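S.K.: Those sequence lines, one after another, are chains A and B. Residue numbers for the first sequence follow the working numbering, so the first one is 1 and each next one is one higher. Residue numbers for the second sequence follow the working numbering, so the first one is 1 and each next one is one higher.
Worth flagging that the hints you see were computed from the coordinates, not collected in a lab. One should not assume that every hint holds.
Given that identical chains are not distinguished, each listed pair holds provided it fits within a single copy or across any two copies.
[Claimed, not checked] List time: in silico BS3-like cross-link candidates among lysine-lysine, alpha-carbon distance up to 25 Å:
| id | residue 1 | residue 2 |
| --- | --- | --- |
| 1 | K30 | K78 |
| 2 | K104 | K69 |
| 3 | K69 | K12 |
As the structure is a computational prediction, the values presented were derived from the model and not from experiment.
Number of protein chains: 2
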Amino acid sequence: MYIAMNRFTVPKENAEAFEALWLGRDSHLKGLPGFVEFHMLKGPEADGSVLYSSHTVWESESAFIGWTKSEAFRAAHKDAGSSRPLYEGSPVFEGFTAIQTIGK
Amino acid sequence: MYIAMNRFTVPKENAEAFEALWLGRDSHLKGLPGFVEFHMLKGPEADGSVLYSSHTVWESESAFIGWTKSEAFRAAHKDAGSSRPLYEGSPVFEGFTAIQTIGK
Chain A
1 MYIAMNRFTV
11 PKENAEAFEA
21 LWLGRDSHLK
31 GLPGFVEFHM
41 LKGPEADGSV
51 LYSSHTVWES
61 ESAFIGWTKS
71 EAFRAAHKDA
81 GSSRPLYEGS
91 PVFEGFTAIQ
101 TIGK
Chain B
1 MYIAMNRFTV
11 PKENAEAFEA
21 LWLGRDSHLK
31 GLPGFVEFHM
41 LKGPEADGSV
51 LYSSHTVWES
61 ESAFIGWTKS
71 EAFRAAHKDA
81 GSSRPLYEGS
91 PVFEGFTAIQ
101 TIGK
């Protein structure tokens, strides 16, 4: 299992607009090979900003890499610039591989 | 859905020992109210260190808070000090609430 996260630091006054923009967009993930689940996460507040993170679960890192090279990826990111004024700097990407899983 | 993550910065030379310690420990999560799934994640390498993150999914933030106040939590953390020499500084906790979920 592989988790791709993108961290966004959003000034509190932009949080509502940032959420509306994400919740209102089209997702291009459904049905892609190796796609498991997507969550948009709201994290802690610090220094007047809120940490948000997109959180996409893939069956494997290679499934994720396949997606980054796909037409669907380009379609999903063509409007990415429209949210840029809402957050500080650039989103910070972190990819994680599960080395252990414990279920219920 | 609520995700509790603890980030550990582990010097590369300690990575093997850090993984062995996590993979060898007893889990106290199975069967707890509101527990969904646990993953130990291995993330990117930078400046000679590897980012690891524990990643526990709960049905809600209140289920997570219940766990932090439980006897099982104390039992799970009684030996936490034994891994401390393996990572830099303190683990950094981040709690996230899902504001959107997209399935397959």
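S.K.: Confirm or reject each hint.
M.R.: Evaluation of the provided hints:
| no. | hint | in the structure |
| --- | --- | --- |
| 1 | K30 with K78 | within (18 Å within a copy, 42 Å between copies) |
| 2 | K104 with K69 | between (35 Å within a copy, 19 Å between copies) |
| 3 | K69 with K12 | neither (34 Å within a copy, 30 Å between copies) |
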